[in-house]
Amino acid sequence: MDFAPPATDGPRRQRVEAAPGCKIFVGNLSWSATNDTLHETFKAFGDILDCIVLRDRLNGRSRGFGFVTFDNTESAQKAIETWNGNELIGRPINVNLAQGPN
Numbered sequence: 001m002d003f004a005p006p007a008t009d010g011p012r013r014q015r016v017e018a019a020p021g022c023k024i025f026v027g028n029l030s031w032s033a034t035n036d037t038l039h040e041t042f043k044a045f046g047d048i049l050d051c052i053v054l055r056d057r058l059n060g061r062s063r064g065f066g067f068v069t070f071d072n073t074e075s076a077q078k079a080i081e082t083w084n085g086n087e088l089i090g091r092p093i094n095v096n097l098a099q100g101p102n
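Heads up, the sequence shown is in the UniProt record's numbering, so the first residue is 1 and it goes up one at a time.
Read the hints as simulated data drawn from the structure, not as lab findings.
The calculated label-pair distances, taken between Cβ atoms and stated as ranges, are:
| # | residue 1 | residue 2 | range |
| --- | --- | --- | --- |
| 1 | Glu74 | His39 | 12 to 20 Å |
| 2 | Lys43 | Leu97 | 16 to 24 Å |
| 3 | Lys78 | Arg57 | 29 to 37 Å |
| 4 | Asn28 | Gly100 | 12 to 20 Å |
Cβ coordinates follow ideal geometry from the N, Cα and C atoms, glycine included.
Required output: the full structure, derived from the provided sequences and hints.
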């Protein structure tokens, strides 16, 4: 049995507080998507404060969704309008404003 630690995209991140409307949810991600994938995909829309693909704590595998936090609502809205329903790494992704606590 292999007890190697799960793969990560770097050190554990501090939670970034975002103004309302600045954080987007990105769902239906490919299992191969990383934090860098999200950053490279969404950086064209504005300054990114944080981006993360959520991973299973036990095996390190992507949970298929992530979040991107922009520094303003206009960037978040442009990203949603451009990417919602479009393909990223061969899968149509869902991009919406994040719900719940920022």
